[in-house]
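Engineer: Residues per chain are reported as follows:
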Amino acid sequence: MEEKIKNDFEKIIENSKFSNKDIELKRDFLNKFIVSGFPNKKLENWKFSDLNQIIKKNIGDLSFYTNYSIPNKLNPSIYIDGLEHNKIVFINGRIEKIDFKYEEKDKIQISDQFELKKDTKVTNSLINLNNAFANKYFKIVIKKNYSIRKPLVIYHTTNNINSKNINLRLDFVLEKNSSLKIVDIFNDQSEKNFINVFYNFELNQDSILKNYKIDQIENNNIKYSFNNIVQQENSVSETFILSSGSNFIKNEINCDLIGKYSSAFINGIFSLKQKKHHEIKTNINHLIDNTKSYQLIKSVLENESKAVYQGKIFVDSKAQKTDGYQLSKAILLNETTEFNAKPELEIYADDVKCSHGSASGSLNDDAIFYLMSRGLNYTEAKKLLINGFLLEVVEKITDSQIKNLIKNMIGLKE
Amino acid sequence: MKKEIENLKEYKYGFTTDVENIRAPKGLNEDTIKFISEIKKEPKWMLEWRLKAFERLKKLKEPNWQKPKYPKIDYQDLYYYSAPKNASSKPKDIKDLDPKILETYKKLGIPLEEQKRLNGIAVDAVFDSVSVATTFKEKLNDVGVIFCSISEAIQKHPNLVKKYLGSVIPITDHYFATLNSAVFTDGSFVYIPEGVRCPMELSTYFRINASQTGQFERTLIIADKGSYVSYLEGCTAPMRDENQLHAANVELIALDDAEIKYSTVQNWYPGDEDGKGGIYNFVTKRGLCKGTNSKISWTQVETGSAITWKYPSCILKGDNSIGEFYSIAITNNHQKADTGTKMIHLGKNTKSKIISKGISAGLSDMTYRGLVDISSKANNSSNYTQCDSLLMGNKCGAHTVPYIKNKNSKSNVAHEATTSKISEDQLHYCQQRGLNSEEAVGLIVNGFCKEVLQQLPMEFAVEAQKLVGISLEGSVG
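As given, the protein sequences belong to chains L and A, one line each in that order. Just so we're aligned: the first sequence equals residues -9 to 404 in our numbering. Just so we're aligned: the second sequence equals residues 13 to 489 in our numbering.
Just chain L, same shape as in the assembly (with noise of 0.2 angstroms):
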């Protein structure tokens, strides 16, 4: 892989207008990346998904090239219907559309001339990877006091490629008192490529981010998504993740609490039915006093499917007050199905309260009987306990437009 990757990476450098200190900057983070690979089991937070073996085995030979210099077709059909919504289209690697049509211009800066910068703290290989490939990374700063009128839609296309690597990296600053709405919609028409999503969230002040998750539409795509969010004084993140479209995705979530009265909530749902392998990963860092998290995931599992929630709650020495609460509940509908929880809770200070939950386990047996003695068939009755089970996940979310977006997504009836 080594000689190929470097190759892959020569060929972008000489078709590119990186400067040269961008270059250095990238070769430095393809070393990175090269001396530790992809990650295996060996890694703690890949115990239960060993990505190196998962690409072997679904993609094999990844290639790392992308011709950035050819644009892609635009396909309107895509586009969410009966929703107005500002769009970022990335389709194959390439970045082909930002609008913001329906909110003012000067509130809203987007630029992409940025110089990479070394960080050193990096740890994650794959971010490694995402900063040497990725092509030119946009960041997107909300003025002071402005709330964005519609969602930012984030359309992650991919068409008439197969067996490649793709690195997609966002930075989204929010100033003061100001909010963002982002909905990714993951929707894909190629087949083993690897996708590699990260982006960086920046929440001063009173701001309020939500970023609704969506990967739905079936596809054998192997996908990792990375949000880095910190967290100023008084700002809220609401994250939601709906896991059931690809053939393996990793959504993994770090979130630095730093300021007093800062909240993060993070909910999600695995809905597995063919031989899928899904996880969330989630870091919740409590360093000062006064904050809260919360986070709830549940999953219904179908045939030889397999999902992983990894949940840690980190309270500092300094952060007295804390409130973080966590609960997974998984339902496993046959006997070829696995869940594994590892919801963990690191905590320095004493002043807190701090609780977690997990249950698996088959569907009520009780309330099947409940239901069939009431007139419905078993396959109805399962539904109907299946659609109640998945509904209290998706009430959390709080703009009401995108909750009635999910519901029909999946099928849920209220």
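Mixed in with the good hints, there may be bad ones.
[Claimed, not checked] Straight-line C-alpha distance at most 30 angstroms; calculated DSS-like pairs for lysine-lysine:
#1 L:K32 / A:K149
#2 L:K282 / A:K407
#3 L:K37 / A:K79
#4 L:K(-6) / L:K37
#5 L:K372 / L:K393
#6 A:K422 / L:K263
[Stated by the list, open to error] Sample of chain L residues lacking proximity to chain A, with all beta carbon distances greater than 10 angstroms (derived):
#7 N30
#8 E165
#9 V226
Keep in mind that the hints were calculated from the coordinates and are not lab data. Glycine included, C-beta positions come from ideal geometry on N, C-alpha and C.
Following the hints, complete the assembly by docking chain A onto the known chain L.
Structural biologist: Same frame as chain L, now just chain A:
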């Protein structure tokens, strides 16, 4: 009462006993192993077994994934065998025992003279590397229970030992377990024959006396079909500036319908207030529910040791078998603990229950780490886990790291964990009724631990309750 507590504040088991020792030459090598095997007059197969483990050990690396880190142990700078001179051949009668050793156990509150024992617990006393006395032997013989040191069992009951030794913790296990397999010196052996309910509590008392010595004992308990045994283990060591290694292996085997209850009150020397000295307690404890309807229950009260690193586990192989784990772990000053359990469900209708209470105070660090693994064949299995942590002060840490693997849709797993501190309201309530703050904390902590303390046999429960109080002395300000 107050005076009693004053006396207890210091680690009261910190004295040393001045007896002449026989030691193996320093260092870990084949000669040491041969020396141990020879002095214990072991048969050839035993020596071969040890050497095989040693071969394997050479290829292994010390694990380092645990939370409490410790300075590198120089395995060549340790004595692997140390025994009181005149105990190397175990006296037949307790009267023949070195009076100094008798005195030691008396000081520890474990009188070995049987007539003085009113509460009817049979004791196997292990002093450094050897078992020095076993009480109530005859009485146990009457019902067919074999309770002796493992060295004696190797000579007298080789078939049983051959069959079961290493069957739960094989010599191919992790580093410390394999080290123990190579150099273990003594320990207890228990065999309960079919259908016998052991008439009294069995107990081993471990004492590390010599300096620069590692203690590697090995305990093997076999409960044959339909039998029952309750086994207790206590440990202490003198106060020394150096860190001493204790790497024991405990294997339990429960056949059809048998039940083993294993309780530990671990009070090794924890080191002084600045974290100097203390025992490294790296123990491998594993029980195998081999037969159907068998049950193994671990209860532990961990208050001592500089570092405690152990996971008493149950392998639930037999259908309908039950595994239980009750634990209280208390760390104060610079103590560190990384403890928990593994429940491995292999058989159908297996059940397990985990109740863990962790209390950390001072500058200590405590981790609950546990695994619940339900295999795809373990239909209708269930697990319930509850781990609660209590923090005292903001310089200590309490962590929960559960691993939950469920591969069976017909099985249920539930896990709950909370972390909190003693609330002002509770303290206020107690103080209002005339308790001082330390007594109030003691009362609340005892209430917090009650679920686990209840599982201990009576005599131990009283001791443990006191220990809980003492371990937290000075942590409330």
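Engineer: I'd like to know which numbered hints this structure contradicts. Please list them from smallest to largest.
Structural biologist: 1
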